[in-house]
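Asks: Letter by letter, the chains look like this.
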Amino acid sequence: MNEIYLDNATTTQLDPWVLEEMKPFLLQEYAAPSEHFGYQASLDAKEKLEQARATIARSINAEPEEIIFTSGGTEANNLALLGLARALKKPVHVVATAIEHESVLNTLKALKKEGVEFTLVGVDQDGLIKLDEFKAALRPETVLCSVQLVNQEVGTIQPLAEIGKLCAERGIGFHTDAVNGWGRVGFDVKKTNLSLAALTAHKIHGPKGIGALYKRKDVKLSPIMYGGYNEFELRPGTENLPGAVGMARAVEMMKPEHIDKLKRMLWGGIKKEIPWVHLNGSIDRGAPHIINVTFDYIEGESILLHLDMQGIAAATGSACFSKALEASYVLLAMGRPHEQAHGSMRFSFSRFNTEEEIKRTLDALKGIVADLRKLSPLTPDKEV
Amino acid sequence: MLPYSKKVIEHFKHPRNVGEIKDADAVAMEGSPACGDMLKISLKVNEKTHVITDIKFESFGCASNIATASILTEIVKGRTIEEAEKISWKQAAEELGGLPPVKMHCAVLAVDALRSAIEQWKEKHGLVDKKPTTPDVLLRKLRNVLNPLTGASIVRMQLLLDFDVKDGVITIDLDLTKEHKFAAHISEEIHEKLDHLWDIKEVRVNFVGEPES
Chain Y
723 MNEIYLDNAT TTQLDPWVLE EMKPFLLQEY AAPSEHFGYQ ASLDAKEKLE QARATIARSI
783 NAEPEEIIFT SGGTEANNLA LLGLARALKK PVHVVATAIE HESVLNTLKA LKKEGVEFTL
843 VGVDQDGLIK LDEFKAALRP ETVLCSVQLV NQEVGTIQPL AEIGKLCAER GIGFHTDAVN
903 GWGRVGFDVK KTNLSLAALT AHKIHGPKGI GALYKRKDVK LSPIMYGGYN EFELRPGTEN
963 LPGAVGMARA VEMMKPEHID KLKRMLWGGI KKEIPWVHLN GSIDRGAPHI INVTFDYIEG
1023 ESILLHLDMQ GIAAATGSAC FSKALEASYV LLAMGRPHEQ AHGSMRFSFS RFNTEEEIKR
1083 TLDALKGIVA DLRKLSPLTP DKEV
Chain Z
411 MLPYSKKVIE HFKHPRNVGE IKDADAVAME GSPACGDMLK ISLKVNEKTH VITDIKFESF
471 GCASNIATAS ILTEIVKGRT IEEAEKISWK QAAEELGGLP PVKMHCAVLA VDALRSAIEQ
531 WKEKHGLVDK KPTTPDVLLR KLRNVLNPLT GASIVRMQLL LDFDVKDGVI TIDLDLTKEH
591 KFAAHISEEI HEKLDHLWDI KEVRVNFVGE PES
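Going line by line, the protein sequences match chains Y and Z.
Converting from the first sequence to the working numbering requires adding 722 to each position, the first position being numbered 1.
Converting from the second sequence to the working numbering requires adding 410 to each position, the first position being numbered 1.
Same shape as in the complex, but just chain Z (with noise of 0.2 angstroms):
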């Protein structure tokens, strides 16, 4: 067995509110079936306070996976969205008595998965105007991108060497080889948690580090 908490397994063993709520108010998917991890976390959100009255998820994935999922569901039932979208992956982690490093992607992907679900209701609500990708907005979702080895993030542990975003293109360069064993899997987290922004038509990632010789 993996190095596991206690929790994580009794989490992927009985994982909590598992399904689809029929008559959700926001459903957000993330991950893709092809990177073997995929989330879909559906809500139902009292309009006048705010309160997550009911939060069910459906996972493809490995059991951190699950666990996480099933962890942060438990966590904001019964929060508002308010205090639901500041909750991290480090914390959720956390709750889980710690992820093995290269499983932490998990503990991001059901984060987002949750957050890009409150942007949904927030937006049927009128709640956000469509902000536009400034670099601002582009380093925060940098931050979730891991380097699978470490389960740290790519900005702190300074890959990302430039980034921009100019005419609805984003230009990345990180201090790796195209070689890299994690390279085509960090390329992969790049393109997903920016790929779908309303305003890009493009995202660039290159290669630039030099080769060890």
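For reference, chain Y alone in the conformation it holds in the complex (with noise of 0.2 angstroms):
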């Protein structure tokens, strides 16, 4: 494992306290949470699970029974778009942003097999959504509205009150990909006027494998999967109670953090001491957990290893790391240039990271973008 990880927007170390809170649901009480099974276990099981529910409900201001528990946000969004278009019989149409995680887009993309339309809107300089466009994009098929709280590569919070505003007034139900965003940007399904939320609880230092979906009351969702009856069936399978509890108690164990002094020290440290350097989004209305800088005349795999061979972990936006060899969407989208995108690192903390992670990732970083600026043909000035 890196000594220094600065990779937490994709996923972050577990809490030992949320393991603490954990291990009892693994070794001793790992009875199938119900009330229908008659023994004590399973209902004690089922009473836990509930908390859990209730916990996190009580972080978006949402009711208990508007939460499913689902095995990740992947699956969250899935539920959402693919629940919400096959509950409805009628022609589909969505909106979404340019920018959002694969979970949708791709989720979208496979619903085009079932009828469904959908409209991507594009995004500003720093990644906020183009509300012109948005409600340009509406129309009177429009059932839905997809729009991330927190875009995943460059942090960009997305001002869902407004985009919710919107859509009640027109009666069109509104879906958040919430996973980047929260414990760690304020968030209320009701402020917001959201209908469904997708969370996760691994990255928020919780366990991976489990999620939830946040689906208001009146809200109709078709299942996604088929089995028994759990989670108001829309979600069969056994629930998964350790998970569940450690979400919880994930969520709760987030507060203010040191991490947004983090996100600032670097981006000072890189602006004063590193020359040709650009951040993607905007260092004041992003979230505290991401920032996302373009080291102009080099490439971002290059740089990602050299810091890997310094025990470093962070993301690139290159095209030269994607499988599909095409650089960063959400930059393009930006409106980056390709070779911006290319040179684009993502770096993003938790609370487990230090001042002088910090320091030391900076120091790297000077060495290592001099370094191959000396390499690159297309570096201006080589005594710089």
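Take these hints with a grain of salt, some might be off.
Pairs of lysine-lysine, DSS-like flavour, derived with a Cα cap of 25 angstroms [stated by the list, open to error]: (1) Y/K1104 to Z/K454; (2) Y/K1096 to Z/K423; (3) Y/K1104 to Z/K432; (4) Z/K588 to Y/K831; (5) Z/K588 to Y/K1081; (6) Z/K576 to Y/K1096; (7) Y/K993 to Y/K1081; (8) Y/K834 to Z/K591; (9) Z/K588 to Y/K1096.
Short derived list, chain Y residues pointing at chain Z, Cβ under 10 angstroms [as the list claims (entries may be wrong)]: (10) T841; (11) A859; (12) F1043.
Think of the hints as simulated: they come from the structure by calculation, not from any bench.
These numbers come from a predicted model, not from an experiment.
Here a beta-carbon is modelled for each residue, glycine too, at the ideal position from N, C-alpha and C.
Mind assembling these two chains? They're in different frames, but the hints should get you there.
Replies: Listed below in structure tokens is the structure:
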């Protein structure tokens, strides 16, 4: 494992306190949570599951019965989009942003085969949804809008309250992929008029393999998997009680953290000590845990590998690192030219990172960027 | 870390022959920053013996780009240009202990840059005539365009349905749909290989594959 882990927008370390909370439900209290098995252990488990559900509901100002446990954020997004489209027996049109996570974009693409149409709305140079374009994309048959809370690559926070109001006025459902913002930025499903919201535990120091879909009481969904009658008959399979308990504990432990300071410290240092850099996104309006930086004249995979060799884990938007050899679609949608997307690096923080780590990362970056620029035919002045 | 061999990592960490020869006899640049891969090679060649006495490279690119350029400079330094231009991208990749399929084009880029530099040197010394771009020339160049999914040539993969060159216009028909995830990438590579040819005005790449139903 890397000594310094700055890829917390991908996944985070399980908090040891969360693990402690989960342990009894893995080892001793392993009964399936249900009221139907008749024995005490399963009734106790059910009670614990409902407590976890209530905690998660409280964290977003929802009611407990509006929380459906899933295997994670991807399944929650799938259940929201596939479930809603399949429950409606009429032509369906969906509006989403062009920078949604793949679990939204690829689900929409798959829904095309089921006759669903969708429109992707552009974003500005900071990654904020273009509201005029959004309004223009709405049609009489638009049934749902899907706009993420926080962008996974650049950390931009979308104005959900404003979008929610527009949707409510028109009677359009509103879904958010809240996976990269839940627990880190303010989020209230009532204030934002949300119908659906996807959550996951592993991005806030909870376990992998557990997430949830918030579904407002009046929203009708079809299940996307078939089996037993768990989770309000919307998500079959024996409930992941240790996961649910861990997820609830994880969100309880999220509080205003020092990570915003770490973000500013790293960007401040980069800006001061490394020439030819750009921030992708906005430092003040972005989520506290993500920054995305382009280092001109060099390529991201090379930076990433050099950082890795020095024990530092981060992410890049370079095409060289993608399976499709395509540069980050998020940065391209923000109007960045290809070469800037190729040279982009995402650093994302958690409460387990320290100022000392940020200093070491900055020192490493200075050397790596200077070395790679010496190698690059594009660097305008190699003496800088 | 990507599945890179020890040798790739070694050359990436300590690239050989980096920089630019100030009084170079030939300089060539291949690729473009927009594609995320760019390589510049400069050469010093002994006029009498044709031996490459010095070679340096600069790279805007990923680890395999840097590593293939580095190893290639090591291989050809001290050899004649006639020996050097025979080295294929496959040999360069093999010397590195292999490359992941999606990275094979890096080896192609390195070999292309070297060959362009050599060709330039030969042109300067009156060793080549300006040859017209015939279908044979075209096919040879297209052999170096790879499908990134497999790392194999589009010619060998029979993705090349038809090609023609007429009045300075090259037309290429590919058995791929426009929506294929590598369509844009392959088209870019073709343009990179052909656009600069002296007697070519235009290169048209058509995607004529049947869409999957």
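Asks: If a hint holds in the structure, say so; if it doesn't, say that too.
Replies: Hints versus structure:
{"no.": "1", "hint": "Y/K1104 to Z/K454", "in the structure": "holds (22 angstroms)"}
{"no.": "2", "hint": "Y/K1096 to Z/K423", "in the structure": "holds (13 angstroms)"}
{"no.": "3", "hint": "Y/K1104 to Z/K432", "in the structure": "holds (14 angstroms)"}
{"no.": "4", "hint": "Z/K588 to Y/K831", "in the structure": "holds (16 angstroms)"}
{"no.": "5", "hint": "Z/K588 to Y/K1081", "in the structure": "violated (47 angstroms)"}
{"no.": "6", "hint": "Z/K576 to Y/K1096", "in the structure": "violated (43 angstroms)"}
{"no.": "7", "hint": "Y/K993 to Y/K1081", "in the structure": "holds (14 angstroms)"}
{"no.": "8", "hint": "Y/K834 to Z/K591", "in the structure": "holds (18 angstroms)"}
{"no.": "9", "hint": "Z/K588 to Y/K1096", "in the structure": "violated (38 angstroms)"}
{"no.": "10", "hint": "T841", "in the structure": "violated (18 angstroms)"}
{"no.": "11", "hint": "A859", "in the structure": "violated (22 angstroms)"}
{"no.": "12", "hint": "F1043", "in the structure": "holds (8 angstroms)"}
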